[in-house]
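A.B. asks: The primary structure of each chain is shown beneath.
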Amino acid sequence: MHFVRNAWYVAGWAKEFDHELRHAKILGEDLVMFRASNGEVAVLHDRCPHKHLPLSKGRLIGDQIECGYHGSVFGADGKCTRVPGQPRVPPSACVRAFPVHERHDIVWVWMGDPEKVDPDDVFDLDQLGDPEWDAHQGDALYIESNYLNVAENLIDPAHVTFVHPTTLGSDAHSEVPVRCDASADPIYTWRWIRNAPPNPFFQNYADFKGNVDRWQYLYLYLPSTAVIDFGSADAKPGSTEDRRDEGIRLFAVHLLTPVSERETIDRWMHIRNTHVGDEAVARVVDEMFRTAFAEDKIVLEAIQLEEEKPGAEPTLQLAIDQGSIAYRARIKELAEAELARH
Amino acid sequence: MHFVRNAWYVAGWAKEFDHELRHAKILGEDLVMFRASNGEVAVLHDRCPHKHLPLSKGRLIGDQIECGYHGSVFGADGKCTRVPGQPRVPPSACVRAFPVHERHDIVWVWMGDPEKVDPDDVFDLDQLGDPEWDAHQGDALYIESNYLNVAENLIDPAHVTFVHPTTLGSDAHSEVPVRCDASADPIYTWRWIRNAPPNPFFQNYADFKGNVDRWQYLYLYLPSTAVIDFGSADAKPGSTEDRRDEGIRLFAVHLLTPVSERETIDRWMHIRNTHVGDEAVARVVDEMFRTAFAEDKIVLEAIQLEEEKPGAEPTLQLAIDQGSIAYRARIKELAEAELARH
Amino acid sequence: MHFVRNAWYVAGWAKEFDHELRHAKILGEDLVMFRASNGEVAVLHDRCPHKHLPLSKGRLIGDQIECGYHGSVFGADGKCTRVPGQPRVPPSACVRAFPVHERHDIVWVWMGDPEKVDPDDVFDLDQLGDPEWDAHQGDALYIESNYLNVAENLIDPAHVTFVHPTTLGSDAHSEVPVRCDASADPIYTWRWIRNAPPNPFFQNYADFKGNVDRWQYLYLYLPSTAVIDFGSADAKPGSTEDRRDEGIRLFAVHLLTPVSERETIDRWMHIRNTHVGDEAVARVVDEMFRTAFAEDKIVLEAIQLEEEKPGAEPTLQLAIDQGSIAYRARIKELAEAELARH
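Protein chains in written order, with this note's numbering: chain G, 106 to 447; chain C, 106 to 447; chain Y, 106 to 447.
Accuracy of the hints is not assured; some may be wrong.
No distinction is drawn between identical chains; accordingly, a pair holds when it is met within one copy or between any pair of copies.
[To be verified] No more than 30 Å apart at the CA atoms, straight line, and that leaves these computed lysine-lysine pairs for BS3-like: (1) K314 with K437; (2) K414 with K130; (3) K402 with K414; (4) K314 with K184; (5) K414 with K437; (6) K162 with K314; (7) K162 with K414; (8) K414 with K341; (9) K184 with K221; (10) K184 with K341; (11) K120 with K184; (12) K184 with K414; (13) K184 with K402; (14) K402 with K314; (15) K402 with K341; (16) K120 with K314; (17) K221 with K414; (18) K221 with K314; (19) K341 with K437; (20) K221 with K130; (21) K437 with K402; (22) K162 with K341; (23) K130 with K314; (24) K402 with K130; (25) K341 with K221; (26) K120 with K341.
Just so you know, the hints here were simulated from the structure itself, not pulled from any lab data.
Taking the hints into account, I'd like the entire structure generated from these sequences.
C.D. replies: The following block contains the structure:
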């Protein structure tokens, strides 16, 4: 399995960065990161070319990194500006610098071909930055599982009944058919539960007269960002997806960063169109999601361990897997196309 | 090294099973086990064929297992009876079920070819179930060593002097020759110490007038069950093995379950023909064995680590190794014959 | 990478040995060691040839080792003298014994071809045993890094400014050029800081009138012993290395024992020509070195982890690396010459 390299991945929430060296591993590569005095985040390969000490073990001298072993100095662009003990800096003494873009309080890093970098490609969503909506950053959840396992879980409404019985799911949903548009971009799956009582969360924060129409829409943006739109609106015959803004909507956004072949960071946040600016509601939502995603983590880590056992047979494909099958096929295609170009 | 698969292995003491999912690893295979409402123990491969979540992470719905990820349901026979979200159950959605047999409060599982299964082959011993004898289940001792190392230790009286100086052995024995019938089934080794003072344990629980004849008989049943018959009787010229029932006999029974190539569970119990029904005596015996077997564990785990070092030369064969040599040869033969049939 | 086997390596400080079994690993080989009643240290391969139990898990019977599994007995020369249960000792029942030599309270073991052993080759230094000098054994520092990484650090004055800013180094040194005699035996590097204030340590223990000339001489004896001569003398135009005995000299001696490909024990001691016999000064010096070498350990272990990552590119060579480059080349030559003879 190869990673998709020509993509923007989340390096962290903007608030995590300041004028301090910070290590991260993304797509198996060790990176050193810091926010320079001009406010921009720099990301470099975390290894001095001389004796290979990680640069994150050195220190910042202004906006440059001094290696902690022999004091070679590197700028935010990766160029070496000083080698103590010799007047000339060898041209090969440089480290790879990675393009960075900050948007909506999230720092993204480009892990691929520098010639293909385009800040316009950074993930965006209309509701982010819209004053009618409230966006709230949650946790950076570390999951010992390949990111494909994590991502397919996020386009899979069928697991909710069984993995999240106390939070997001209920037995009533288990036979509601899941629909999928596997050729769309983003790939998405959805289902409607018509004319049913509101679930406890939506009941508490809305003023529904009676039964509601409930929906789940799960969007998966390549390579690894998911937006899950949960919502409820007063039950009405013939409702369609266009009517969603009449109700209460709560988005769970998952920004997946592959750390290694077997580790992923799932930075999740939520966006909602109700109780905008109400921190207490934000905390209630976060706590609900925190509980639910911890349940996913248990399942995803168990599956990873099975995957690593020798001689594991292929998984069985079911009707509910359409989104996952399409997603894995597209990732494979992207990764193979990148390899072919090398 | 290959395991002997066409054999009954211990899955656990009968008392360990109830209406709850329980994981075990036997011969490197992950199993999920539970006692159904009809009293029978079910053993299945511990992996849902869909996304490979271990079934032991799901839950029991009556006498069926519901997978904890997407709710597929499997019966005790491994057949899938429900896939939520689709009307038809795919024929390939099933998991392997393993034959089980319970005898003398021990649950055995058949790990091999289902066509060769025969409950009559489950290990038995006349003294088990005989009211003149008291059988007492001890511990499930986890040993990080290949089961062949553990088994050969159990047919090897020569180590007792050096590994168990404070419990089972004494310097006096070290030069008493060990005899072996390597062609018998079970393979067995033995030695007699004639006309010697009784050892402390037997002295405390018998009424010997003076010196005794002491014996150790070690029986090894393929693939991995050992019965060690320790005993003492009043010293008498010309005593033979037929006279053993005139004395006090104490059997240590070791039921070895290979977990992986480097792990074994040694479930041990004892059987005795003295103080039948006396729980206090049973506890004294167990405590003595618990101390002794912990000493074996140290040796067997150290040997395993040596075995795993690169470039280890072959072991040296001594006169005391007859039983072990015969045992390893027969296991090799059995395992190779099984492979040849595939 | 292969080890240099035809060499004396440190097995321990003499004071670490008494009439007790002790395990060590050197060049990846497990050894059992003890001091016999004649005062000589014996070193044997730590594995009984029978079932491979480490002999260090057995016990001393006089000056022989009794295996803890079946009681076979081995002398300090590795010959087997007893196998319980059989009258004849098989000729192949012996373990490898390693030549040992003790000098200046250090025990050295010869890991190579027994025909090439020569006690005259054991490392020596004029100042060891000289009553004008005080030699003080420090610690056995365990470092998870290949010994070549550790050794090259010891012939590298350039790292001192950056790794030891609070103890041995100062920014003032970083541009003083390092000189190297890469063809000498031992290889050595050096630099002089002329007419500068004494550093705090030398100031406290000497009576300098004003500025001093300071020096660092780093000698690397193959395969893995380093002597670092730090010193200061009253500043005088035209000083040369011959003048070092006019000042205060402090030697850090590092005796490296490769444990495995990724582990090294650095037994360090110091020798000084001031305050001879003053234990309080010895403790101050040790504490300073202990702090500094713990800083090296962090760097060397981080480098080892980088070295083990897949696909690591070669390190970059700088002007300061002359000593290290020469050292690694000579080790390679020695190891390859040994392999060629086999």
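A.B. asks: How would you classify K414 and K437 at a CA-CA limit of 30 Å: within, between, both, or neither?
C.D. replies: both (22 Å within a copy, 25 Å between copies)
A.B. asks: Are the CA atoms of K120 and K314 at most 30 Å apart within a copy, between copies, both, or neither?
C.D. replies: neither (41 Å within a copy, 55 Å between copies)
A.B. asks: How would you classify K162 and K314 at a CA-CA limit of 30 Å: within, between, both, or neither?
C.D. replies: neither (60 Å within a copy, 40 Å between copies)
A.B. asks: Treating 30 Å as the Cα threshold, decide for K184 and K221: within, between, both or neither.
C.D. replies: Answer is within; shortest intra-copy Cα gap is 21 Å, inter-copy 51 Å.
A.B. asks: What label fits K221 with K414 when the C-alpha limit is 30 Å: within, between, both, or neither?
C.D. replies: between (37 Å within a copy, 28 Å between copies)
A.B. asks: One pair to classify: K314 and K184, alpha carbons no more than 30 Å apart. Within, between, both, or neither?
C.D. replies: Neither, since 64 Å and 45 Å both go past 30 Å.
A.B. asks: Reference check for the pair K221 and K314, CA-CA at most 30 Å: within, between, both, or neither?
C.D. replies: Answer is neither: 52 Å inside a copy and 66 Å across each miss the 30 Å cutoff.
A.B. asks: My question is about K402 and K341: at a cut-off of 30 Å on alpha-carbon distance, are they close within one copy, between copies, both, or neither?
C.D. replies: Neither. Shortest intra-copy (37 Å) and inter-copy (70 Å) distances fail the 30 Å Cα cut-off.
A.B. asks: Between the shortest in-copy and the shortest cross-copy C-alpha distance, which are at most 30 Å for K341 and K437: within, between, both, or neither?
C.D. replies: neither (42 Å within a copy, 72 Å between copies)
A.B. asks: Can you give me the call for K184 and K341, within, between, both or neither, at a CA distance of at most 30 Å?
C.D. replies: neither (63 Å within a copy, 42 Å between copies)
A.B. asks: Using 30 Å as the alpha-carbon threshold, which applies to K341 and K221: within, between, both, or neither?
C.D. replies: neither (48 Å within a copy, 63 Å between copies)
A.B. asks: Are the CA atoms of K437 and K402 at most 30 Å apart within a copy, between copies, both, or neither?
C.D. replies: For K437 and K402, only the intra-copy Cα distance (24 Å) is at most 30 Å; the inter-copy one is 43 Å.
Going down the numbered hints, you'll see the structure goes against 1, 4, 6, 8, 10, 14, 15, 16, 18, 19, 22, 23, 25, 26, while the others check out.
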